[in-house]
Structure formats: structure tokens, C-alpha cells
Amino acid sequence: MSHDTAALLWGCWTWRLPPFAHLTQLGHPNVERERDAVVRRHWTDLPVRDRAELDGVPVTSLERTLVDCARALPLERSLVVVDSALRMGADRRLVDSIVEESRGKRGVVRARRALELADPRSESPGETLVRLAAVLGGLPAPTPQVPVTTARGTYDVDLAWLDARVVIEFDGAVKYSGGAYGDPEDVRRAQDVREAALVAAGWTVVRFTWEDLGDPVAVGCRLAEARRLALRRRASRR
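So the sequence shown is numbered by the UniProt record's numbering: it starts at 1 and just counts up by one.
Worth flagging that the hints you see were computed from the coordinates, not collected in a lab. Only a predicted model underlies this, so the values are computations on that prediction, with no experimental measurement involved. Beta carbons are placed, not taken as given, at the ideal position from N, Cα and C, and that holds for glycine. Do not rely on the hints blindly, as some may be mistaken.
[As the list claims (entries may be wrong)] For each label pair, taking beta carbons as the anchor points, the in silico distance ranges come out as: (1) Leu229 to Glu53: 50 to 58 angstroms; (2) Asp215 to Leu26: 22 to 30 angstroms; (3) Gln25 to Gly104: 18 to 26 angstroms; (4) Leu231 to Glu101: 37 to 45 angstroms; (5) Ser236 to Ser102: 49 to 57 angstroms; (6) Leu229 to Ser102: 37 to 45 angstroms; (7) Val38 to Met88: 23 to 31 angstroms; (8) Leu26 to Arg232: 52 to 60 angstroms; (9) Lys105 to Ala235: 41 to 49 angstroms; (10) Leu75 to Gly153: 34 to 42 angstroms; (11) Phe20 to Thr154: 40 to 48 angstroms; (12) Val48 to Met88: 16 to 24 angstroms; (13) Val109 to Leu162: 28 to 36 angstroms; (14) Leu17 to Ser236: 43 to 51 angstroms.
Whole structure, please, built from the sequences with the hints as guidance.
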């Protein structure tokens, strides 16, 4: 298994999985490639270094999986995999080596772009996608996992622009579904207290949900407006 199928088996985050599996086979086909609605086959000379096994299933190594996804997938899908694979401990030097060995092949420029934007500090695919929306909107990349001190204590926020004092939070539906996060109403109340404390400390807070991520351009526009207004307020106070 390879590409985003292997990413799923490794436990990486994924975004908008296709309705088929990817399978990398050694060597080259002796017959014309056939279309398969369930499996997409790739033929290559896969080095032993790039092979692994998970619960008896042959898969590409974590690093090779990262590179394959970065080369083959659209940026928003690949960056989700890349961030999570690096967060899981993928060897960045080995990743860079695999990319360099692929120089001149299809998708290498795309892979390098994803690696330039990657940040293993991201704690969810939603945070990764919001960060990407900012960059694609022409904004500086917000910093992940920033500790912000308030009168009520220090909060680790999902993303922030320190220069503009803008906090960006991503609210996944799981926070409000009970389970490990506790009672949904308690979660909402705690979130309201947290946001009030951040605002009182002089921060602008912008929130996004999974539904918002269906329109990344709109996400970028909201971020741009929040940043613009926050910078204007800061300038007026000087």
C-alpha cells in the first residue's frame, strides 16, 4: 500500500480521501495498465529503505509515504499528511533525500512547496488547513500552539499572529460531542471564558469550524480582515 492509503494505515491525518486504494508494485508492468475502480497501481523500483510492514500489510515507509503524497496530491490534501507525518516523527533528512533523488520527476516541485509550508507543531488537520488558507490568501503563516498569558492564566491557542495579536482557533466537532472532552455545555462555557480572557488581554479571536473549511478563500478573507483591523487598532494606540 502507498500514497494516502499508506498514510491512513500509518495513522496520519488525511483530508478528502479518494474512493480507491493506492498500491505500489515493484518493477514495471509487462502489459498495458488497466483501469481499476478500486485500486490505483503504481510501478516503481522501490528501495528496501522505503518499504515497511504494518500488522502484516506491506506499506511504503512513513518518509516515502509522505513524499508520495506530497508529489501526487493537491496542496491542501498533501500538507495535512505532511504535517502529521512529521509530527509523528518522520525523519526530515530522509524525506529531503528522497525528494532530491526524485529530482526531475513529476510532482517534485509540488512536494517541495508542501515541505516549505509544513509545520509539525500543528495539532489537527483543521489547524493545518486554516494555516494554509492564510498563506494562500497572501498572509504570513500564523504560528501554531502559542502560549498566551491572560488574567485567568495561560492558554495554548491553536494559531496566532503575534505582531497583530490575533488568535485563530479551530473548533472540531469532536469537542462538542462529549466523550473525553466532557459535557458539551461545559466545553462551550469553558470556551467562552477562554475567549473573554483572551479579548480582555488585548487579543482578537477568530474561530473556524469544519464547515468553514469548505470555502478556503472565504477563510482567507476573514483572516485578512481580522488581521487588518487588529493591526489598525494597534497602530492607533501608539
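Status of each hint after checking the structure:
no.	hint	verdict
1	Leu229 to Glu53: 50 to 58 angstroms	holds (53 angstroms)
2	Asp215 to Leu26: 22 to 30 angstroms	violated (42 angstroms)
3	Gln25 to Gly104: 18 to 26 angstroms	holds (22 angstroms)
4	Leu231 to Glu101: 37 to 45 angstroms	holds (43 angstroms)
5	Ser236 to Ser102: 49 to 57 angstroms	holds (51 angstroms)
6	Leu229 to Ser102: 37 to 45 angstroms	holds (44 angstroms)
7	Val38 to Met88: 23 to 31 angstroms	holds (27 angstroms)
8	Leu26 to Arg232: 52 to 60 angstroms	holds (59 angstroms)
9	Lys105 to Ala235: 41 to 49 angstroms	holds (48 angstroms)
10	Leu75 to Gly153: 34 to 42 angstroms	holds (37 angstroms)
11	Phe20 to Thr154: 40 to 48 angstroms	holds (46 angstroms)
12	Val48 to Met88: 16 to 24 angstroms	holds (21 angstroms)
13	Val109 to Leu162: 28 to 36 angstroms	holds (31 angstroms)
14	Leu17 to Ser236: 43 to 51 angstroms	holds (47 angstroms)
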